[in-house]
Amino acid sequence: MAIFLFFLLSSVCVGAVLGMILSKNQAYSALFLVLAFTCLGGLFGLIGAPFMAVVQIIIYAGAIMVLFIFVIMMINLREGLSSEKKKWTIAFSVVLALVLLLELVLASKGASLGQSPEGSVSPKEIGQLLFTKYLYPFEITSVLIIAALVGAIVLVKKKEKE
Amino acid sequence: MIPASYFFFLSIILFVLGIIAFFIKRDLITQFMAVEIMLNAANLAFIALAKSHHFVDAQVIVFFIITVAAAEAAIGLAIILLIFRQKKSIKTEEISSMKG
Amino acid sequence: MDIVIVLIKIVLALVWFLVLTLYLTWLERKESAVIQDRVGANRASIFGIRILGLFQPFADAIKMIFKEDFVPAFSKKFLHTLAPFLSFFFVAICITAMPFGNDIMVGGRTISLQIFDANVGLLFVLAMLSLGIYGILLSGWASNNRYSLLGGIRGAAQLISYEVALGLSLVGLIMVFPSLKLSEIVQSQGGLLFGFLPKWGVFLQPLGFIIFLFAALAETKRVPFDLPEGESEIIGFFTEYGGLKWGLFMMTDFMEIIIVSTLLTTLFFGGWQVPWLSADGFQFPWGGQWQMARWLVIIFQVLAFNIKVFFFCWLQILIRWTYPRFRYDQLMDMGWKLLVPLSLVNIVGTGLLLMVIK
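Residue numbers (the working numbering), protein chains in the order written: chain A, 1 to 162; chain B, 1 to 100; chain C, 1 to 358.
Among the hints, a few may not be true.
As the list claims (entries may be wrong) - 35 Å max Cα-Cα, derived DSBU-like pairs, lysine-lysine:
| id | chain 1 | residue 1 | chain 2 | residue 2 |
| --- | --- | --- | --- | --- |
| 1 | A | K157 | A | K133 |
| 2 | C | K76 | A | K24 |
| 3 | C | K77 | C | K63 |
| 4 | A | K24 | C | K199 |
| 5 | C | K337 | C | K358 |
| 6 | A | K157 | C | K337 |
| 7 | B | K88 | A | K24 |
| 8 | A | K157 | C | K358 |
| 9 | A | K87 | B | K91 |
| 10 | A | K133 | B | K88 |
| 11 | C | K358 | A | K124 |
| 12 | C | K63 | B | K88 |
| 13 | C | K76 | A | K158 |
| 14 | B | K87 | A | K157 |
| 15 | A | K133 | C | K358 |
| 16 | A | K124 | C | K9 |
| 17 | B | K91 | C | K77 |
| 18 | C | K199 | C | K358 |
| 19 | A | K24 | A | K157 |
| 20 | B | K88 | A | K87 |
| 21 | A | K87 | C | K76 |
| 22 | C | K337 | C | K199 |
| 23 | B | K87 | A | K87 |
| 24 | B | K87 | A | K133 |
| 25 | A | K124 | C | K337 |
| 26 | B | K88 | C | K358 |
| 27 | C | K77 | C | K67 |
| 28 | C | K9 | C | K30 |
None of these hints come from the bench; they were simulated from the model. From a predicted model like this one, the values you see are computed outputs, not experimental measurements.
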């Protein structure tokens, strides 16, 4: 059952990313990505990280991608761009990517990925780590988010005419 | 259960697909999305490792990656909006001048 | 056997959900009629039997199903069709996490009256509600209508803004009942405060309750927060829909009311807990006692859950027909400048109190 779910979710995820690459319209790309991220959330749930699964769905699919679609709708109300990139560029990048794939697979061959133990990590464990061992990084991320918030507002705000 | 190596392999595939997307696409927004795919692939790898070694810290790191990605998305999209306002385009080929 | 039980639970929950949705439309018509001094829908009849228009929802459903399924020209046909189903699906799936009652024992087998008891159940519901935004954004964008697009963008902006307050208002509650599991949250609301007050979330987190109520009302996108749609003046995101797809949007609205009511009930009003009722009967704080059979207790608890949910549905419809609409700047000011700071205050206050008590 679990293995079936894994193959279903992972194939939908890879398919959605492929769809994102192949679709010409940015809005469709963004929607494919939403699908991919939701599937990834499901995969996180399968591998025993339910908290990360919901965080992934809430933040990635529910907030970041909504922002993307928002911006796409704001700036691209006409039909999407036609891809005019030269054929050889695409071929070259695909070949390079395949080389990278090979390299990564070979590199991960030596990695010790033992049999995964059963059970899932509860939110409590993550919370305990977050507020003891990783307290300073946690506080720094909050500063980072405030900086991003203020920065985004300052950047996008239209200057008043003098 | 499902071996963690399956998840690891999936994350490799996603990372490579993200790189391909980054090279093939030629507008800022989709390239930005490609970066998000790569970040997600990294997240998946971290969580697979967290599972196989029962190393909860990896999940905390994923938490941080997701928060940083959120901040990065907000700033990045704001910059893209600014570029669009100034140049009326977000195609990377048309934004080649250094001066704004 | 387990799969059969889960299937039965899913079917029962969906039937409960859909029947309640259908009859909320009837309740809304009747309640608005009472408020506006009218009679309300009372014409639908089967063989001349009218009973207060109780057949009205079925008449509506038949009408919607047989209406022409119109898709505007130059719209994105696939997304235009997908959008209402997306909104419907993401609201409907929330019901899987709701605990309807305590565990029951049938033939030596413990069955929880809940379909899916994830240990992050609360966050799961919030995640599904946040994915519902796509239905709104897509329906506005795919309709090829500038006004719909604006409505969709208004809706998404409103939902994203209020999601922040919605999530933050629950942090205090999670600190008090240290769990994200909805069944555990309900379980821990069973005790008593000061020996007589039920230990419900609303008594432990009054400020959190108020913030959650406002944010949740905004999430349902109805008056006084109906800026995305505004059926009487401004054009909304599902203007270009008709027939069954429009019906799905309408049903989504009512289902959101029910989900908000169930959330309010489970988080702040003790879920299926009845005050002073424990596993073997009532234990009144003034010393009385009333023994009860186990099955009777279960029935009491499920009934209590239903009554609480009905009450909040009724309350939301009352609010919808009583208050005028906010202006858009007022809406955003309330979300960002009032509810978010207040919920932060609530978190800090709760933390300090918990520290003092410990």
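Status of the hints after comparison with the structure:
1. A:K157 x A:K133: Violated, because 38 Å separates the two Cα atoms, which is more than 35 Å.
2. C:K76 x A:K24: Distance ~14 Å between K76 of chain C and K24 of chain A Cα, so the pair holds.
3. C:K77 x C:K63: It holds: about 23 Å lies between the C-alpha atoms, which stays within 35 Å.
4. A:K24 x C:K199: The given pair, whose Cα atoms are some 56 Å apart, is violated under the 35 Å limit.
5. C:K337 x C:K358: holds (32 Å)
6. A:K157 x C:K337: Cα-Cα ~18 Å, so holds.
7. B:K88 x A:K24: Satisfied, since the Cα-Cα distance of roughly 19 Å is no more than 35 Å.
8. A:K157 x C:K358: violated (46 Å)
9. A:K87 x B:K91: Roughly 18 Å separates the two Cα atoms, so the pair holds.
10. A:K133 x B:K88: Distance of about 47 Å is beyond 35 Å: violated.
11. C:K358 x A:K124: holds (19 Å)
12. C:K63 x B:K88: violated (48 Å)
13. C:K76 x A:K158: holds (32 Å)
14. B:K87 x A:K157: holds (17 Å)
15. A:K133 x C:K358: Distance of about 22 Å is within 35 Å: holds.
16. A:K124 x C:K9: Answer holds: K124 of chain A to K9 of chain C is near 29 Å, not above 35 Å.
17. B:K91 x C:K77: holds (27 Å)
18. C:K199 x C:K358: Cα-Cα ~18 Å, so holds.
19. A:K24 x A:K157: Cα-Cα ~30 Å, so holds.
20. B:K88 x A:K87: holds (26 Å)
21. A:K87 x C:K76: holds (29 Å)
22. C:K337 x C:K199: Holds, at roughly 31 Å.
23. B:K87 x A:K87: holds (27 Å)
24. B:K87 x A:K133: violated (46 Å)
25. A:K124 x C:K337: holds (31 Å)
26. B:K88 x C:K358: Status violated; Cα separation ~59 Å.
27. C:K77 x C:K67: Holds, because 18 Å separates the two Cα atoms, which is no more than 35 Å.
28. C:K9 x C:K30: Satisfied, since the Cα-Cα distance of roughly 31 Å is no more than 35 Å.
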